[in-house]
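J.: Chains as they are written, first to last, in my numbering: chain A, 1 to 63; chain B, 64 to 588.
Heads up, some of the hints might be wrong.
What the hints assert, rightly or not - Stretch by stretch, here's where chain B covers chain A in the computed footprint (C-beta under 8 Å, at least three residues): (1) 1 to 8; (2) 12 to 18; (3) 36 to 47.
To be verified - Calculated lysine-lysine pairs in the DSS-like style (CA-CA distance at most 27 Å, straight line): (4) A:44 to B:442; (5) B:196 to B:546; (6) B:442 to A:36; (7) B:437 to B:579; (8) B:437 to B:575; (9) B:337 to B:463; (10) B:546 to B:463; (11) A:36 to B:510; (12) B:337 to A:42; (13) B:196 to B:337; (14) B:249 to B:546; (15) B:256 to B:196; (16) B:304 to B:442; (17) B:337 to B:520; (18) A:44 to B:437.
I should point out that these hints are in silico values taken from the structure, not numbers from a laboratory. Even glycine gets a Cβ: it sits at the ideal position worked out from N, Cα and C.
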Amino acid sequence: MTTSGIIFMVSAWILIIGLGIFCIIELFRAQEDEEKAPEIEKEKEIIASLEQAAEEKQPHSED
Amino acid sequence: MDKKEIKHHHTREFWSTRIGLILAMAGNAVGLGNFLRFPVKAAQNGGGAFMIPYFIAFLLLGIPLIWIEWSMGRFGGRYQHGTTPGIFYRMWHNRFIKYVGVLGIVMPILICIYYNYIESWTLSYSIFSLFNKFQGVETREAMGSFLSSYQGKFPSTHFSSIWTAYIFFIITIIINVHILRKGVVKGIETCAKFALPILFFFAIVLVVRVFTLGTPDPAFPERSVWSGFNFLWNPDFSRLKDSSCWIAAAGQIFFTLSIGFGAIQTYASYLREKDDIALSGLSSGTLNEFTEVIIGGSIAIPVAVAFFGVSETQAIASSGSFDLGFQAMPLIFQKLYLGNIFGFLWFFLLFLAGITSSIALSQPAVAFLQDELKIPLRKAANCVGAVLFIGGSMVVFFLKYGFLDELDFWAGTIGLVAFAFIETIMFAWIFGMERGWHEINLGADIKVHKIFYYIIKYVTPLFLLILLVAWFCQSGIDVLLMKNVPAENVPYLWLARFLIIALVMVGFVLIKVAWKLHKAAGRLE
Numbered sequence: 001m002t003t004s005g006i007i008f009m010v011s012a013w014i015l016i017i018g019l020g021i022f023c024i025i026e027l028f029r030a031q032e033d034e035e036k037a038p039e040i041e042k043e044k045e046i047i048a049s050l051e052q053a054a055e056e057k058q059p060h061s062e063d
Numbered sequence: 064m065d066k067k068e069i070k071h072h073h074t075r076e077f078w079s080t081r082i083g084l085i086l087a088m089a090g091n092a093v094g095l096g097n098f099l100r101f102p103v104k105a106a107q108n109g110g111g112a113f114m115i116p117y118f119i120a121f122l123l124l125g126i127p128l129i130w131i132e133w134s135m136g137r138f139g140g141r142y143q144h145g146t147t148p149g150i151f152y153r154m155w156h157n158r159f160i161k162y163v164g165v166l167g168i169v170m171p172i173l174i175c176i177y178y179n180y181i182e183s184w185t186l187s188y189s190i191f192s193l194f195n196k197f198q199g200v201e202t203r204e205a206m207g208s209f210l211s212s213y214q215g216k217f218p219s220t221h222f223s224s225i226w227t228a229y230i231f232f233i234i235t236i237i238i239n240v241h242i243l244r245k246g247v248v249k250g251i252e253t254c255a256k257f258a259l260p261i262l263f264f265f266a267i268v269l270v271v272r273v274f275t276l277g278t279p280d281p282a283f284p285e286r287s288v289w290s291g292f293n294f295l296w297n298p299d300f301s302r303l304k305d306s307s308c309w310i311a312a313a314g315q316i317f318f319t320l321s322i323g324f325g326a327i328q329t330y331a332s333y334l335r336e337k338d339d340i341a342l343s344g345l346s347s348g349t350l351n352e353f354t355e356v357i358i359g360g361s362i363a364i365p366v367a368v369a370f371f372g373v374s375e376t377q378a379i380a381s382s383g384s385f386d387l388g389f390q391a392m393p394l395i396f397q398k399l400y401l402g403n404i405f406g407f408l409w410f411f412l413l414f415l416a417g418i419t420s421s422i423a424l425s426q427p428a429v430a431f432l433q434d435e436l437k438i439p440l441r442k443a444a445n446c447v448g449a450v451l452f453i454g455g456s457m458v459v460f461f462l463k464y465g466f467l468d469e470l471d472f473w474a475g476t477i478g479l480v481a482f483a484f485i486e487t488i489m490f491a492w493i494f495g496m497e498r499g500w501h502e503i504n505l506g507a508d509i510k511v512h513k514i515f516y517y518i519i520k521y522v523t524p525l526f527l528l529i530l531l532v533a534w535f536c537q538s539g540i541d542v543l544l545m546k547n548v549p550a551e552n553v554p555y556l557w558l559a560r561f562l563i564i565a566l567v568m569v570g571f572v573l574i575k576v577a578w579k580l581h582k583a584a585g586r587l588e
């Protein structure tokens, strides 16, 4: 096999495998984010309820 | 969306898993072309140099059209439309545009009508391989006669009539309809989840066998697998100056990704409103490219050169993909240890690649009957199966008169590019690129680079227009005027054209009826 033939074959393969690896990494990342989403949502709810509680408490302390 | 539409929204199915969706979309794209057409086109058009226009076309034509079709499909699904008449109507509230969308149902059905028959050859050849039916057929000419007599062109010692081919064709139709009747999740998604991994496993076994072949006949040291890879990949840069090389590369990208068929829109219509399309679309396209360039490029041509040498492989490649797949490959497998098993793997792999594509081609018609005419799934699948059987029977019996080639040219070549051009204009210029860009990025798991905004708006339609004009000028006029057609074939070619027109007309009538029903039910507000 000629050197230029090898270069073209390997380059094409690397390009496709590289794109494939990128897709797999991003798919896993998206899946992780999806799994984390309910936890983040829960954390947001807790923060919101704490903030609300703090706001409710503030006027009392002023009194 | 009004309340009625929201209510109906839940009657449509959704893909159950993302991997199922990607495999089904990849299964739609991965077909016989990945294993037969690609290596032949690459070898004919400059080897490694062919990959330059090929990757440029993938970037400027393939990826943008994948995103356009996925976006259109998901957008239509939001309004209970899984096919282009409804999708076009929702994109542009023009009373005539839905009739243009008929192409997105009729063309895949027309392609499926002849594709099923070719698919049935792969099924029968896998069984012939397993039971050594090719024994005693030792030359390419003899293998050609074997295929011709199987197709009923003339009787031989192997086949006295066309009935064997017809029985395998009917079996193929039954398998297709059986999958379609089970619906999107239980039928199409489950089929893809089994078929694609099996296909990859068979393909990897074959690739490993090819790589370990070395020089099968020491009497011909120049005939080796590496000479085969060299034949396929050695770049001939002079071919890049030839426009036909660029057109061939763009055409290959077009066929391999199954764009312009209307099938991607239907599959994408089963996505949820905020499901990602940017990453899933790119992933399915990449999986198809992996199957084509890495696996498809490592089987047929290298093995043909190892057994026949470069000059004969050149002759096989120039005579077309089918000669490579159905004449050269069975001969090669006969010369291998456990050749019947490898032959079975090769043809069954092609069958799996074929069936995942044929169900995708049939699904738009099933979805149209379900979504627009509210026909139950099983009935809809049976109706489509009947059309495939009747049209396919014409292909089986009139093959020798060029019936299949006529359908392939109008529906499977010119029609696809024309339809892709129409949908790109619809998406980028009528629906509007701002809204289109929003659709592509809605729920996206990757950030799509802004350059694709301009590629989709300007480059892709221009590329498609050039391709359309080039193909029409290259062979369209000759085909239209039936130049160089034997006189006995002419009535059959007219019959093929009549079939195309008849299906389009039936499509128009059904669309008219469907919109009347929608109007009466108040679903069009």
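J.: Compare the structure with each hint and give your call.
T.: Against the structure, the hints:
1. Only residues whose beta carbon comes within less than 8 Å of a beta carbon in chain B count, and the stretch 1 to 8 of chain A has 7; three or more means the coverage holds.
2. Note: the stretch 12 to 18 of chain A has 5 residues with beta-carbon separation from chain B under 8 Å; the three-residue rule is met and the coverage holds.
3. A stretch counts as covered by a chain when three or more of its residues have a beta carbon under 8 Å from one of that chain; for the stretch 36 to 47 of chain A and chain B the count is 0, and the coverage is violated.
4. For a cut-off of 27 Å, the pair hint linking residue 44 of chain A to residue 442 of chain B is broken: about 49 Å separates their Cα positions.
5. A distance of roughly 39 Å separates the Cα atoms of residue 196 of chain B and residue 546 of chain B; the hinted pair therefore is violated under the 27 Å criterion.
6. Proximity of residue 442 of chain B to residue 36 of chain A is assessed by CA-CA distance (about 42 Å); at most 27 Å being required, the pair is judged violated.
7. At most 27 Å may separate the alpha-carbon atoms for a hinted pair to count; residue 437 of chain B and residue 579 of chain B meet this at roughly 13 Å.
8. A C-alpha spacing of about 14 Å is found between residue 437 of chain B and residue 575 of chain B, which places the hinted pair at or below 27 Å, so the restraint holds.
9. About 49 Å separates the Cα atoms of residue 337 of chain B and residue 463 of chain B, which puts this hinted pair outside 27 Å; it is violated.
10. In summary, the hint linking residue 546 of chain B to residue 463 of chain B is supported, as the alpha carbons are separated by about 17 Å, within the 27 Å threshold.
11. At most 27 Å may separate the alpha-carbon atoms for a hinted pair to count; residue 36 of chain A and residue 510 of chain B meet this at roughly 20 Å.
12. Distance check on the hinted pair: residue 337 of chain B and residue 42 of chain A sit about 21 Å apart at the alpha-carbon level, within 27 Å; holds.
13. Among the hinted pairs, residue 196 of chain B with residue 337 of chain B is inconsistent with the structure: their alpha-carbon atoms are about 52 Å apart, more than 27 Å.
14. Proposed proximity of residue 249 of chain B and residue 546 of chain B is contradicted: the alpha carbons are some 47 Å apart, above 27 Å.
15. Annotation: proposed proximity of residue 256 of chain B to residue 196 of chain B is violated, straight-line Cα distance about 31 Å (limit 27 Å).
16. At roughly 53 Å between alpha-carbon atoms, residue 304 of chain B and residue 442 of chain B are farther apart than 27 Å, so this suggested pair is violated.
17. Restraint check for residue 337 of chain B and residue 520 of chain B: satisfied, since their Cα atoms lie roughly 23 Å apart, inside the 27 Å limit.
18. Distance hint between residue 44 of chain A and residue 437 of chain B is unfulfilled; the C-alpha atoms sit about 43 Å from each other, more than 27 Å.
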